[in-house]
Amino acid sequence: MIKEKIIFVAMIFLSLSLVVAQHQKLDVEHLGFGKTQKETKIGIRNVGNDVIDDTLNLVLDGEIYTKTRVNLEPLSGYVANVFVEKPGEHILLVSTSDGSYDSVTFFTTYQEEKPTTVTTNFLEKNKIVFSILVVLLIFGIATWVVTRKTKL
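Per our numbering, the very first residue in the sequence shown carries number 12; after that it's consecutive.
These are calculated hints, taken from the structure and not from any lab test.
Mixed in with the good hints there might be a few duds.
With a straight-line Cα cutoff of 27 Å, these simulated DSSO-like cross-link-like pairs (lysine-lysine) come out [as the list claims (entries may be wrong)]:
#1 Lys14 to Lys52
#2 Lys78 to Lys36
#3 Lys46 to Lys78
All chains, full assembly: derive it from the sequences and hints.
Right, here's the structure in full:
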């Protein structure tokens, strides 16, 4: 009977230690945009009581975006710049190696940039050719004028 009570009390203490055990907690939020909507600012905060000295894995739309080594004290944060290629809805998952994670969904609505084309006309493309033609034309007219006067 005493053994059963001791085992019961030991189980309670072991269970309490699991409940009270510290683990990392992340909070991820969309803070806004940079100069364009392609540059998205993401806030990553440590909301737990434990220091996060780990690698943060940033997964954008199911593909690994980057891995960043951080040292976050409790209630401190980190701002990550995420560059997205296409407009629309995006999901960013941030996780650590111990299994804590959080995600955020954000929308971008920018216009995709069209490649800028420089319009040049035929004259601008062939300046050297036209310069040579003008010199030859002047030389031809001068030759014609000189030869015509000598015949008169």
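Outcome of the hint check:
1. Lys14 to Lys52: Violated. Lysine 14 to lysine 52 sits at ~58 Å, over the 27 Å cutoff.
2. Lys78 to Lys36: holds, 18 Å
3. Lys46 to Lys78: Answer holds: lysine 46 to lysine 78 is near 23 Å, not above 27 Å.
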